[in-house]
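As you go down the protein sequences, you meet chains A and B in turn. Be aware that the first sequence starts at 753, since it is given in the numbering used here, and climbs by one per residue. Be aware that the second sequence starts at 37, since it is given in the numbering used here, and climbs by one per residue.
Worth double-checking, as some hints may not be accurate.
With a cut-off of at most 30 Å between alpha-carbon atoms, the simulated BS3-like pairs for lysine-lysine come out as follows [what the hints assert, rightly or not]:
no., chain 1, residue 1, chain 2, residue 2
1, A, Lys1104, A, Lys1131
2, A, Lys1123, B, Lys52
3, A, Lys1090, A, Lys1104
4, B, Lys76, A, Lys807
5, B, Lys59, A, Lys807
6, A, Lys912, A, Lys803
7, A, Lys878, B, Lys58
8, B, Lys42, A, Lys1090
9, A, Lys877, B, Lys58
10, A, Lys878, B, Lys52
11, A, Lys1075, A, Lys1116
12, B, Lys92, A, Lys1100
13, A, Lys971, A, Lys803
14, A, Lys803, B, Lys92
15, A, Lys912, A, Lys1090
16, B, Lys42, A, Lys874
17, A, Lys1104, B, Lys104
18, A, Lys874, B, Lys104
19, A, Lys804, B, Lys76
20, A, Lys1131, A, Lys877
21, A, Lys1116, A, Lys1088
22, A, Lys796, A, Lys912
23, A, Lys1248, A, Lys963
24, A, Lys1116, B, Lys104
Stretches of chain A that chain B covers, calculated by requiring three or more beta carbons in the stretch to come under 8 Å of a beta carbon on chain B [unchecked claim]:
no., segment
25, 768 to 775
26, 862 to 870
27, 935 to 947
28, 1089 to 1098
Covered by chain B, per the in silico footprint, the following chain A stretches (three or more residues, Cβ under 8 Å) [claimed, not checked]:
no., segment
29, 807 to 818
30, 829 to 837
31, 917 to 928
32, 994 to 1004
These are computed hints drawn from the structure, not numbers from a lab. Quick reminder that beta carbons are idealized off the backbone N, C-alpha and C, glycines included.
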Amino acid sequence: MDNSLLVELSRGQFALTALYHWLFVPLTLGLSFIIAIMETIYVKTGNPEWKKITKFWMGLFAINFAIGVATGIIMEFEFGTNWSNYSWIVGDLFGAPLAIEGLMAFFMESTFFAVMFFGWDKVSKKAHLLSTWLVAIGSNLSALWILLANGWMQHPVGMKFNVDSARFEMTNFFDLVFNPTAVSKFLHTISSGYVMGSLFVVGISSWYLLKKRDVLFAKRSIIVAASFGLITSIFLITTGDESAHEVALKQPLKLAAMEGLYEGEKRAGIVAIGQLNTKKEIGDTSQDEFIWKIEIPYALSFLGYRDFNAFVPGINELVYGSKEHNIEPVSVKMTKGKIALNALRTYKDTKKIGNKEGAKIALKEFRMYEKYLGYGYLKDPKQIVPPIGITFYSFHIMVGLGSWFTALFLLMLYFSMVGKIETKKLLLRSALFSIPLGYIAGETGWIVAEVGRQPWAIQDMLPVGIATSQLDTNAVIITMSLFTVVFTALLIAEIKIMLTQIKIGYKED
Amino acid sequence: MSIFTKIAHFYIDGFKNMKVGKKLWLIIAIKLFIFFFVLKLFFFPDILQTQFSNDKDRANFVIENITK
Chain A
753 MDNSLLVELS
763 RGQFALTALY
773 HWLFVPLTLG
783 LSFIIAIMET
793 IYVKTGNPEW
803 KKITKFWMGL
813 FAINFAIGVA
823 TGIIMEFEFG
833 TNWSNYSWIV
843 GDLFGAPLAI
853 EGLMAFFMES
863 TFFAVMFFGW
873 DKVSKKAHLL
883 STWLVAIGSN
893 LSALWILLAN
903 GWMQHPVGMK
913 FNVDSARFEM
923 TNFFDLVFNP
933 TAVSKFLHTI
943 SSGYVMGSLF
953 VVGISSWYLL
963 KKRDVLFAKR
973 SIIVAASFGL
983 ITSIFLITTG
993 DESAHEVALK
1003 QPLKLAAMEG
1013 LYEGEKRAGI
1023 VAIGQLNTKK
1033 EIGDTSQDEF
1043 IWKIEIPYAL
1053 SFLGYRDFNA
1063 FVPGINELVY
1073 GSKEHNIEPV
1083 SVKMTKGKIA
1093 LNALRTYKDT
1103 KKIGNKEGAK
1113 IALKEFRMYE
1123 KYLGYGYLKD
1133 PKQIVPPIGI
1143 TFYSFHIMVG
1153 LGSWFTALFL
1163 LMLYFSMVGK
1173 IETKKLLLRS
1183 ALFSIPLGYI
1193 AGETGWIVAE
1203 VGRQPWAIQD
1213 MLPVGIATSQ
1223 LDTNAVIITM
1233 SLFTVVFTAL
1243 LIAEIKIMLT
1253 QIKIGYKED
Chain B
37 MSIFTKIAHF
47 YIDGFKNMKV
57 GKKLWLIIAI
67 KLFIFFFVLK
77 LFFFPDILQT
87 QFSNDKDRAN
97 FVIENITK
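Sequences and hints are given; from them, build the entire structure.
Here is the structure:
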């Protein structure tokens, strides 16, 4: 069996599931807060128009939620089938956060969702409003536990590898919860959801204005969503900056790939836009990194290390090492990793034959080098480099779109406030066509996060090739095709039902 | 009317008065059926849970895999 094909197929299957799942999640995260704000205005003003507005967007929220609910469960199935080694190794760590997430989602969905949808005129206005806010907060807290798990994979902390159970065991819950990589990832991810929710409301409201129908409803919706979108898009930029700073410190190769930086430099600039030179190879200094580029000087050093003069290591230094900058070559890490791996083998074998002293010595050696364990599986130092093209372009698409969204919200809010929004046809069309762009930005963000950390399933500890299960490749192809069909059907259903509701408009309950 | 009856009526009335919601519940039901009865049972068996009866054997299997 060709193991590399199996690993690529398993990765592809997981990526497709995650990308589909992420089509539903951000709208839930963002729209829930926008609805809560709209209902707050209704409760504060007592104006029944705001109740109708809230109920309209709540209806679209319900459609997205219903179609999206449980789509993440497929990923959990895949842990058991395609990633059984990984699943076992991290089981003790992820069990608690994922159980909390499951319980939280269940109780929230069965109680506050019901009050939010069925409780109009049956519970007091304030009790209903409280339920709506709790749905919004609960949805976001639900995301917290998933993202803590993902943050741990990017920067594993608060654990110790148990050589007998072959599992990472939690040594400090708070290290895991306050892992800076996880916290910045959580904030950046939920704020991208807020921006997506705002784009959705602004875009659909723009369609109403272009069609010259439900004008007051559309203008009011734009004011709320553009205000929320502007604030959260600025927050998104701030959290993105913090996230990139964390990447610079914990995953420097990902940062180098994000910027197409082969040769490290002091006072490094950020490439605002550019075209990578595909002839450039790792270790080759004769070719330029880019065919062309526009660069913002000093920005990468400052954003990565909070110092305009900081040295930003490139792919070549990170692979081949640099004495000047105290960077260990990957070949040395591989040697240490192989010592750790051999010590683990010896521990297992000596324990099996009852040689306690031999096992003790092997364990001591393993502990000395265990932080290099993942490198022991590599065959070539270049394996450490993630796909540069996809990481670079995904990152730049995400950043470019994020900047556009901030400008869009600012313009929408300004022209709404001065009462000219209806006349700005180009802006309204741009807002409408920005809805799919929001999804593209979110998906490319995940591509940067996950493709950019290859070859690792767990950073520096476990490469994807070891994490995967030995399955028949045909089985993976069949399941991948199956879930593609199911998810595509769900997506088509969502779009069709939503479009029908949007065409009906907000006056119908 | 007891609190439990009130809660039951709350849910029953809510479901009865749904319009688009009925279609959504149907989609949710079909989806959960596909996920849990078709995909989970026939295509996504948990390898370690189905092939081994205890954690010791599972641990041994994984440690063999990662030290090959």
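Outcome of the hint check:
no.	hint	result
1	A/Lys1104 x A/Lys1131	holds (28 Å)
2	A/Lys1123 x B/Lys52	violated (58 Å)
3	A/Lys1090 x A/Lys1104	holds (21 Å)
4	B/Lys76 x A/Lys807	violated (36 Å)
5	B/Lys59 x A/Lys807	holds (18 Å)
6	A/Lys912 x A/Lys803	violated (53 Å)
7	A/Lys878 x B/Lys58	holds (27 Å)
8	B/Lys42 x A/Lys1090	violated (65 Å)
9	A/Lys877 x B/Lys58	holds (25 Å)
10	A/Lys878 x B/Lys52	holds (24 Å)
11	A/Lys1075 x A/Lys1116	holds (29 Å)
12	B/Lys92 x A/Lys1100	holds (13 Å)
13	A/Lys971 x A/Lys803	holds (15 Å)
14	A/Lys803 x B/Lys92	violated (58 Å)
15	A/Lys912 x A/Lys1090	holds (19 Å)
16	B/Lys42 x A/Lys874	holds (11 Å)
17	A/Lys1104 x B/Lys104	holds (16 Å)
18	A/Lys874 x B/Lys104	violated (63 Å)
19	A/Lys804 x B/Lys76	violated (41 Å)
20	A/Lys1131 x A/Lys877	violated (64 Å)
21	A/Lys1116 x A/Lys1088	holds (14 Å)
22	A/Lys796 x A/Lys912	violated (52 Å)
23	A/Lys1248 x A/Lys963	holds (19 Å)
24	A/Lys1116 x B/Lys104	holds (20 Å)
25	768 to 775	violated (count 0)
26	862 to 870	holds (count 3)
27	935 to 947	violated (count 0)
28	1089 to 1098	holds (count 3)
29	807 to 818	holds (count 4)
30	829 to 837	holds (count 6)
31	917 to 928	holds (count 3)
32	994 to 1004	violated (count 0)
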